[in-house]
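The task is simple: from the sequences and hints, build the whole structure.
So the protein lines, in turn, are chains V and A. Note that our numbering gives residue 328 to position 328 of the first sequence, counting from 1, and the numbers run on in steps of one. Note that our numbering gives residue 74 to position 74 of the second sequence, counting from 1, and the numbers run on in steps of one.
Mixed in with the good hints there might be a few duds.
[Claimed, not checked] Here are a few chain A residues that face chain V, going by a calculated C-beta distance under 7 Å:
hint : residue
1    : 26
2    : 31
3    : 34
4    : 49
5    : 52
6    : 53
7    : 61
8    : 62
9    : 63
10   : 66
11   : 74
[What the hints assert, rightly or not] Each computed EDC-like pair below joins lysine to aspartate or glutamate, with the alpha-carbon atoms no more than 20 Å apart:
hint : chain 1 : residue 1 : chain 2 : residue 2
12   : A       : 67        : V       : 350
13   : V       : 140       : V       : 197
14   : A       : 8         : V       : 213
Bear in mind the hints are in silico, worked out from the structure with no lab data behind them. No experiment lies behind these values; they were computed from the predicted model shown. C-beta: ideal position from N, C-alpha, C; glycine also.
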Amino acid sequence: MSAATMRVALVGNPNCGKTALFNQLTGGRQKVANYAGVTVERKEGRFTAPSGRTLQILDLPGAYSFDATSPDEAITRDVCQGRYPGEAAPDLIVCVADATNLRLHLRFVLEVRRLGRPVVLALNMMDAARKRGIVIDVQKLSQRLGVPVVETIAVQRGGAKALVDRLDAAVPEIVPSPIDEATVDGLHAEVRAILADAVTSTRNTAAIDDAIDRWALHPVFGLAILAVLMFFIFQAVFSWAQPVMDAITDGITALGAWATSFLPGDSALHSLLNDGVFAGLGAVLVFLPQILILFLFILILEESGYLPRAAFLLDRMMFKVGLTGRAFIPLLSSFACAIPGIMATRSINDPRDRLTTILVAPLMTCSARLPVYTLLIAAFIPNRSIGLFNLQGIVLFVLYFAGIFSALGVAFVMKRFRKDRSEHALIMELPSYRLPNVRDVALGLWERALIFLKRVGGIITALTVLLWFLSSFPGAPEGATGPAIDYSLAGMLGRGLQYVFAPIGFNWQICIALVPGLAAREVAVAALGTVYAMSGTDDAVATQLGPVIAHSWSLATALSLLAWYVFAPQCMSTLAVIRRETNSWRNVAIAAGYLFGLAYLASLATYQIARALS
Amino acid sequence: MRLSDAPKGAQAVVQSVTDAHPADPIAQRLRDLGFVAGEPVRLIARGPLGGDPLLIQIGSTRFALRKTEAARVDVLVDGAA
Numbered sequence: 001m002s003a004a005t006m007r008v009a010l011v012g013n014p015n016c017g018k019t020a021l022f023n024q025l026t027g028g029r030q031k032v033a034n035y036a037g038v039t040v041e042r043k044e045g046r047f048t049a050p051s052g053r054t055l056q057i058l059d060l061p062g063a064y065s066f067d068a069t070s071p072d073e074a075i076t077r078d079v080c081q082g083r084y085p086g087e088a089a090p091d092l093i094v095c096v097a098d099a100t101n102l103r104l105h106l107r108f109v110l111e112v113r114r115l116g117r118p119v120v121l122a123l124n125m126m127d128a129a130r131k132r133g134i135v136i137d138v139q140k141l142s143q144r145l146g147v148p149v150v151e152t153i154a155v156q157r158g159g160a161k162a163l164v165d166r167l168d169a170a171v172p173e174i175v176p177s178p179i180d181e182a183t184v185d186g187l188h189a190e191v192r193a194i195l196a197d198a199v200t201s202t203r204n205t206a207a208i209d210d211a212i213d214r215w216a217l218h219p220v221f222g223l224a225i226l227a228v229l230m231f232f233i234f235q236a237v238f239s240w241a242q243p244v245m246d247a248i249t250d251g252i253t254a255l256g257a258w259a260t261s262f263l264p265g266d267s268a269l270h271s272l273l274n275d276g277v278f279a280g281l282g283a284v285l286v287f288l289p290q291i292l293i294l295f296l297f298i299l300i301l302e303e304s305g306y307l308p309r310a311a312f313l314l315d316r317m318m319f320k321v322g323l324t325g326r327a328f329i330p331l332l333s334s335f336a337c338a339i340p341g342i343m344a345t346r347s348i349n350d351p352r353d354r355l356t357t358i359l360v361a362p363l364m365t366c367s368a369r370l371p372v373y374t375l376l377i378a379a380f381i382p383n384r385s386i387g388l389f390n391l392q393g394i395v396l397f398v399l400y401f402a403g404i405f406s407a408l409g410v411a412f413v414m415k416r417f418r419k420d421r422s423e424h425a426l427i428m429e430l431p432s433y434r435l436p437n438v439r440d441v442a443l444g445l446w447e448r449a450l451i452f453l454k455r456v457g458g459i460i461t462a463l464t465v466l467l468w469f470l471s472s473f474p475g476a477p478e479g480a481t482g483p484a485i486d487y488s489l490a491g492m493l494g495r496g497l498q499y500v501f502a503p504i505g506f507n508w509q510i511c512i513a514l515v516p517g518l519a520a521r522e523v524a525v526a527a528l529g530t531v532y533a534m535s536g537t538d539d540a541v542a543t544q545l546g547p548v549i550a551h552s553w554s555l556a557t558a559l560s561l562l563a564w565y566v567f568a569p570q571c572m573s574t575l576a577v578i579r580r581e582t583n584s585w586r587n588v589a590i591a592a593g594y595l596f597g598l599a600y601l602a603s604l605a606t607y608q609i610a611r612a613l614s
Numbered sequence: 001m002r003l004s005d006a007p008k009g010a011q012a013v014v015q016s017v018t019d020a021h022p023a024d025p026i027a028q029r030l031r032d033l034g035f036v037a038g039e040p041v042r043l044i045a046r047g048p049l050g051g052d053p054l055l056i057q058i059g060s061t062r063f064a065l066r067k068t069e070a071a072r073v074d075v076l077v078d079g080a081a
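Written as structure tokens, this is what we have:
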């Protein structure tokens, strides 16, 4: 079978370096998709071995045991057993084990061996094991296990050579599975016996881990380090990304202008390309720099082993309101954009905790709200200092915290409503610290960028085109005096909406702007500009718009609109991602329903109170 | 003694893991992860707020366990039998 394709499945405990090994084997040639009907990722790649044989590698989710407690583990088990619908049983299972953590990982190897399929054991992180003075008698280990054993160093170039050679050789003989259904204690006893026979080690943990954890997990310093780190990341996301974001906006505007310069300026096609397609493209791409910078930090922290420590520090606080420490990173990501935040909830294994996190993520103040916040604050809030602080700054701060506190509140309420009251497990491994590998971080970033663009690009472009249609047709009649949008379908919708929004103080111009603003929040500023018959770049519109709205809206209306933007789900892409990640329209309806409800109530209260006081 | 009550830094040996209710998945997972009779464990650190969760070292692995999870594990602390 030298020319045939061999299907190889990689399995192993979480943190065994499996994905690094996968990257090492397949390079960039990998395909990421979701398993049908579940959100667990399916990663596959292929490479050609020296003999010319094609090897197809499937990277299965990390598992501690076939006695599955999460969808990830269930998939790994089912694929290994050849029971997963639509996935053929692998020809060979490569079981990856961390050589510095054999006591835990060998037990899973024994479980895999029980399947009675061809198995090769890859002893990964051999460099770290040697450094720690762990001596492994590979020959003896192989003998005791009855499976071939190879040494690998996944983070080193050529570190998988022994594995490739082994895979390239004939498929190892099928190991007869032991008939005994050993108990848990039995398996552990076997591991102990094998370790005693084949492994000698001097110490249990790396000295560096103990030293770092003394500070990183310290009740006071640990929290301080975390706070400084978060502050730094925030700074980086907002300040480093700005120049690139500006360049992207300018670039796409220029590209749109060039591409449409061959068309008559007043044609529908010109308008469709310029205001529909290119505007939509720009609205998506402009967030890419922030998302990439944020994920760069998250991937580095994840690879280094710090993230579970952050979750450890915050678990208690978040558990009280019905979340988990693991929800911290997804919620942090949501400050840049809720979409990657919701995607990051995959690291939460309890499905209930994960759903709660997904549903509250849109409340984190994402960067798309900033254009609206800045416009309104600049126009209505006097630029005056109160003590040490600036009044405008205080308002922005209040808006951010309104989001955070409402998220905690909503999570707390959801906890009350939950029918399933069984215990939520934390049980989280804190892996050894290690230096992040440049190649693995780069591949990870590339993957996130692709997922973001694919998921969001399609939907937002389609919606922008739809909204362009709504706000362009039918056109203004002969001799019309108002702006064209007023006579369009969007205009009619907006005027209809006014009946609903009058109690919260929105005039018809705001109502019209809300319609295109549904696709993405930042479009609302441009739409307001259109309604007030202004044109030009976003910045120019915003500068002209300030004085106009300051003159024509009441303060109560402005405050009400700010309150609306804290809560309202004015972002189709977020709803689309919730649909993708939870595979349920019901959850989309719950999210949209409660967010609109909160927005309306908050605006109503703000408007009525502000009006009564003025 | 329950692992959740063990003093910080103390060396202890697992006696057993008790199911909090029949077919307790958390207890099962703890056993799978190596919390079985005779294994040495050590409480390395406590969370910053209310001392929860706990950081438990077993073999060369460190796990964060909430107090309610660690309470399922019976241990014998060295020198305090």
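Consistency of the hints with the structure:
1. With a least beta-carbon distance of about 5 Å to chain V, the hint placing residue 26/A at the interface is held under the 7 Å criterion.
2. With a least beta-carbon distance of about 5 Å to chain V, the hint placing residue 31/A at the interface is held under the 7 Å criterion.
3. Look at residue 34/A: its Cβ gets to within about 6 Å of chain V, closer than 7 Å, so that hint holds up.
4. Against a cut-off of 7 Å between C-beta atoms, the interface hint on residue 49/A holds, since the closest Cβ of chain V lies about 4 Å away.
5. Hint status for residue 52/A: holds, given a least beta-carbon distance of 5 Å to chain V, under 7 Å.
6. Hint status for residue 53/A relative to chain V: holds, with the closest Cβ pair at about 5 Å, below 7 Å.
7. Restraint check, residue 61/A versus chain V: the minimum CB separation of about 5 Å is within 7 Å; hint holds.
8. At its closest, the beta carbon of residue 62/A sits 4 Å from a beta carbon of chain V; the interface hint therefore holds under the 7 Å criterion.
9. With a least beta-carbon distance of about 6 Å to chain V, the hint placing residue 63/A at the interface is held under the 7 Å criterion.
10. About 5 Å separates the beta-carbon of residue 66/A from the nearest beta-carbon of chain V, less than 7 Å, and the hint is met.
11. Restraint check, residue 74/A versus chain V: the minimum CB separation of about 15 Å is more than 7 Å; hint violated.
12. Taken as a hint, the residue 67/A and residue 350/V pair is honoured in the structure, with Cα atoms around 18 Å apart against an allowance of 20 Å.
13. Straight-line distance between C-alpha atoms of residue 140/V and residue 197/V comes to about 8 Å, which keeps the hinted pair within the 20 Å bound.
14. Simply put, residue 8/A and residue 213/V have alpha-carbon atoms about 14 Å apart, close enough for the 20 Å limit, and the pair holds.
Checked against the numbered hints above, the structure breaks only hint 11 and satisfies the rest.
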